[in-house]
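Since the structure of chain F is provided, determine the placement of chains E, C and Y on it from the hints.
Chains as they are written, first to last, in this note's numbering: chain F, 1 to 153; chain E, 1 to 153; chain C, 1 to 153; chain Y, 1 to 153.
Worth flagging that the hints you see were computed from the coordinates, not collected in a lab.
Here the structure is a predicted model, which means the values were calculated and not measured.
A virtual CB, placed ideally from N, CA and C, is assigned to each residue, including glycine.
There could be a bad hint or two in this list.
Computed list of chain C residues with no C-beta within reach of chain Y, every gap over 10 Å [to be verified]:
#: 1; residue: Ala15
#: 2; residue: Thr17
#: 3; residue: Gly21
#: 4; residue: Ala45
#: 5; residue: Ala48
#: 6; residue: Arg75
#: 7; residue: Arg79
#: 8; residue: Arg86
#: 9; residue: Ser87
#: 10; residue: Thr89
#: 11; residue: Ala99
#: 12; residue: Arg120
#: 13; residue: Ile123
#: 14; residue: Ile124
#: 15; residue: Gly134
Distance windows between CB atoms, simulated [what the hints assert, rightly or not]:
#: 16; chain 1: C; residue 1: Thr107; chain 2: E; residue 2: Thr101; range: 34 to 42 Å
#: 17; chain 1: C; residue 1: Ala58; chain 2: Y; residue 2: Arg3; range: 58 to 66 Å
#: 18; chain 1: Y; residue 1: Val85; chain 2: F; residue 2: Glu49; range: 38 to 46 Å
#: 19; chain 1: Y; residue 1: Pro125; chain 2: C; residue 2: Asn118; range: 26 to 34 Å
#: 20; chain 1: Y; residue 1: Ile122; chain 2: C; residue 2: Ala58; range: 28 to 36 Å
#: 21; chain 1: C; residue 1: Arg65; chain 2: F; residue 2: Arg120; range: 14 to 22 Å
#: 22; chain 1: F; residue 1: Arg120; chain 2: Y; residue 2: Thr107; range: 36 to 44 Å
#: 23; chain 1: C; residue 1: Arg65; chain 2: Y; residue 2: Arg86; range: 50 to 58 Å
#: 24; chain 1: E; residue 1: Asn118; chain 2: F; residue 2: Glu49; range: 15 to 23 Å
#: 25; chain 1: C; residue 1: Asp116; chain 2: F; residue 2: Asp100; range: 24 to 32 Å
#: 26; chain 1: E; residue 1: Ala45; chain 2: Y; residue 2: Arg117; range: 42 to 50 Å
#: 27; chain 1: E; residue 1: Gly135; chain 2: Y; residue 2: Arg117; range: 41 to 49 Å
#: 28; chain 1: Y; residue 1: Ile122; chain 2: F; residue 2: Ile122; range: 53 to 61 Å
#: 29; chain 1: Y; residue 1: Arg117; chain 2: F; residue 2: Ile123; range: 51 to 59 Å
Covered stretches of chain E (chain C as the covering partner; in silico rule of three or more C-beta atoms under 8 Å from a C-beta of chain C) [said to hold, decoys possible]:
#: 30; stretch: 11–18
#: 31; stretch: 62–73
4 protein chains.
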Amino acid sequence: MERPVVTTTFYVRYAETDQMGIVHHSAYLVWLEEGRSQYMRACGADYAEIERSGALFAVAEAHVRYEAPARYGERVAVRTWVEEVRSRTITFGYAVHNADTGQRLATGWTKHVCLDRNGRVIIIPDAWRALLAGGPRVGAFGDQQVWTEREAE
Amino acid sequence: MERPVVTTTFYVRYAETDQMGIVHHSAYLVWLEEGRSQYMRACGADYAEIERSGALFAVAEAHVRYEAPARYGERVAVRTWVEEVRSRTITFGYAVHNADTGQRLATGWTKHVCLDRNGRVIIIPDAWRALLAGGPRVGAFGDQQVWTEREAE
Amino acid sequence: MERPVVTTTFYVRYAETDQMGIVHHSAYLVWLEEGRSQYMRACGADYAEIERSGALFAVAEAHVRYEAPARYGERVAVRTWVEEVRSRTITFGYAVHNADTGQRLATGWTKHVCLDRNGRVIIIPDAWRALLAGGPRVGAFGDQQVWTEREAE
Amino acid sequence: MERPVVTTTFYVRYAETDQMGIVHHSAYLVWLEEGRSQYMRACGADYAEIERSGALFAVAEAHVRYEAPARYGERVAVRTWVEEVRSRTITFGYAVHNADTGQRLATGWTKHVCLDRNGRVIIIPDAWRALLAGGPRVGAFGDQQVWTEREAE
Numbered sequence: 001m002e003r004p005v006v007t008t009t010f011y012v013r014y015a016e017t018d019q020m021g022i023v024h025h026s027a028y029l030v031w032l033e034e035g036r037s038q039y040m041r042a043c044g045a046d047y048a049e050i051e052r053s054g055a056l057f058a059v060a061e062a063h064v065r066y067e068a069p070a071r072y073g074e075r076v077a078v079r080t081w082v083e084e085v086r087s088r089t090i091t092f093g094y095a096v097h098n099a100d101t102g103q104r105l106a107t108g109w110t111k112h113v114c115l116d117r118n119g120r121v122i123i124i125p126d127a128w129r130a131l132l133a134g135g136p137r138v139g140a141f142g143d144q145q146v147w148t149e150r151e152a153e
Numbered sequence: 001m002e003r004p005v006v007t008t009t010f011y012v013r014y015a016e017t018d019q020m021g022i023v024h025h026s027a028y029l030v031w032l033e034e035g036r037s038q039y040m041r042a043c044g045a046d047y048a049e050i051e052r053s054g055a056l057f058a059v060a061e062a063h064v065r066y067e068a069p070a071r072y073g074e075r076v077a078v079r080t081w082v083e084e085v086r087s088r089t090i091t092f093g094y095a096v097h098n099a100d101t102g103q104r105l106a107t108g109w110t111k112h113v114c115l116d117r118n119g120r121v122i123i124i125p126d127a128w129r130a131l132l133a134g135g136p137r138v139g140a141f142g143d144q145q146v147w148t149e150r151e152a153e
Numbered sequence: 001m002e003r004p005v006v007t008t009t010f011y012v013r014y015a016e017t018d019q020m021g022i023v024h025h026s027a028y029l030v031w032l033e034e035g036r037s038q039y040m041r042a043c044g045a046d047y048a049e050i051e052r053s054g055a056l057f058a059v060a061e062a063h064v065r066y067e068a069p070a071r072y073g074e075r076v077a078v079r080t081w082v083e084e085v086r087s088r089t090i091t092f093g094y095a096v097h098n099a100d101t102g103q104r105l106a107t108g109w110t111k112h113v114c115l116d117r118n119g120r121v122i123i124i125p126d127a128w129r130a131l132l133a134g135g136p137r138v139g140a141f142g143d144q145q146v147w148t149e150r151e152a153e
Numbered sequence: 001m002e003r004p005v006v007t008t009t010f011y012v013r014y015a016e017t018d019q020m021g022i023v024h025h026s027a028y029l030v031w032l033e034e035g036r037s038q039y040m041r042a043c044g045a046d047y048a049e050i051e052r053s054g055a056l057f058a059v060a061e062a063h064v065r066y067e068a069p070a071r072y073g074e075r076v077a078v079r080t081w082v083e084e085v086r087s088r089t090i091t092f093g094y095a096v097h098n099a100d101t102g103q104r105l106a107t108g109w110t111k112h113v114c115l116d117r118n119g120r121v122i123i124i125p126d127a128w129r130a131l132l133a134g135g136p137r138v139g140a141f142g143d144q145q146v147w148t149e150r151e152a153e
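The following block holds chain F by itself, in its conformation from the complex (with noise of 0.2 Å):
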């Protein structure tokens, strides 16, 4: 089986790392979510867009296994699929990489579960089903490079 993966590249962030001279481990889970949102927005649909719907995503399991420092100045590419989708929830599944070496950082998933506004949880909507099952569009978005490829599994 093949799927299609999203990549998102960008610099490590000085405010990322902590004294032991490497990226803080709580700063992958932001860089997933970018690249969540990257993946999203090569969907040809932004986040933002499906939270002014009434539509919430909310984080409900995150893994993370750290297999090798990042460290500050170093480019990042975090390679985005998705892994599940079901009625109600939906699951990324994300490589991080040294976009120069290529050696592999990180790897982990996230499951979000959908929300209404009250917080009540919902059925996917059809319309955000829809787009996800559309898959991503090679492209470029504004100044940071993204594309697709097809994975085995």
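Frame of chain F, contents of chains E, C and Y only:
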């Protein structure tokens, strides 16, 4: 002239450090904000309540002067006072100290403008003006120790 | 079996919220870390001391399950315990509760691998192993209330 | 007088917002720092390299004036220039704009003092002074677009 000062004490968090081995300068803005939150709680209302009433205090200007580094695991004390209240703005003053040695680590101020829910500048509602004019009361809040003192300007 | 649990209580900071009106999911990793720091302090050593000795505990894996949202101004309590100690790794377990209502907000665990200053995996030094084996002592640390309790597994 | 300006463009991250629905004011310090990092890269050296050489530029003072809110998903552009170089300090100036509408969101400056590894104030090493005096070169860095321009003071 004298003015009440509310002191909020907490541990420096590991995530707040950077690769220089000291607390990142952006963390101080978060600390000042927490000092401000405690000041409001000591006045008898918390800021969450103010926001629910429809008035927001957006940060319009912030200034921090860093004098000595703070390090992970140290306890810091943020001393907070009201510098000036005008019809539409309020300015808080702060001094950050090492809670154990007393050494001053930073000073700063933040200016806030009162907005309604649509982002329009409004006159600070009487209820909140009265609350601030009443000033903080000596006491303790939750597990964090809070007290007031008189300071010569 | 029973195990000691250290509870760390603090206010939710404004900066920890996001536009969903609740605490951002990445903030929980910072909270768990602060729970871990307090656990170590309750054991009689702080983690800053461990790092100065040349041993680092790098985060190798992190998992959080979000059950209910935390909001600005609420007091949260992070309950921390040691899940497992092996020769080169240690796993901490956590539960985050609303400190006032008792509602459970999240559970999680983090696995740490012991490294020397050059980033090589090492066996956890005896001194730190003994310290962890000794477990936390009932007490209070700074202005934050900390206590231990026995919990059935 | 004219001076070179380096513009760094990126997306606003979800984690940078707060419950007011806009970017938290502390995030701007992180953005200014990233603007500063890009300025250095455009000068032909990155700040990581400077730190490895033994010179640190610690933040001594920071000032931000917030003019309009930034929101999740928007692209912001941080324009960075050198305001003043003295024997032991350097001051950077910044303006943050919405990259698409051009609206100015904030202005600010940060003053940095040069320290050696022991935290002592030192004269800025000649190598770094020459680098800064040389100024940034037009170009692109990684996936982020960076350019220089001349601006009337």
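| Going back to the hint list, which numbers does this structure go against? | The structure breaks hints 1, 2, 3 and 17; every other hint is satisfied.
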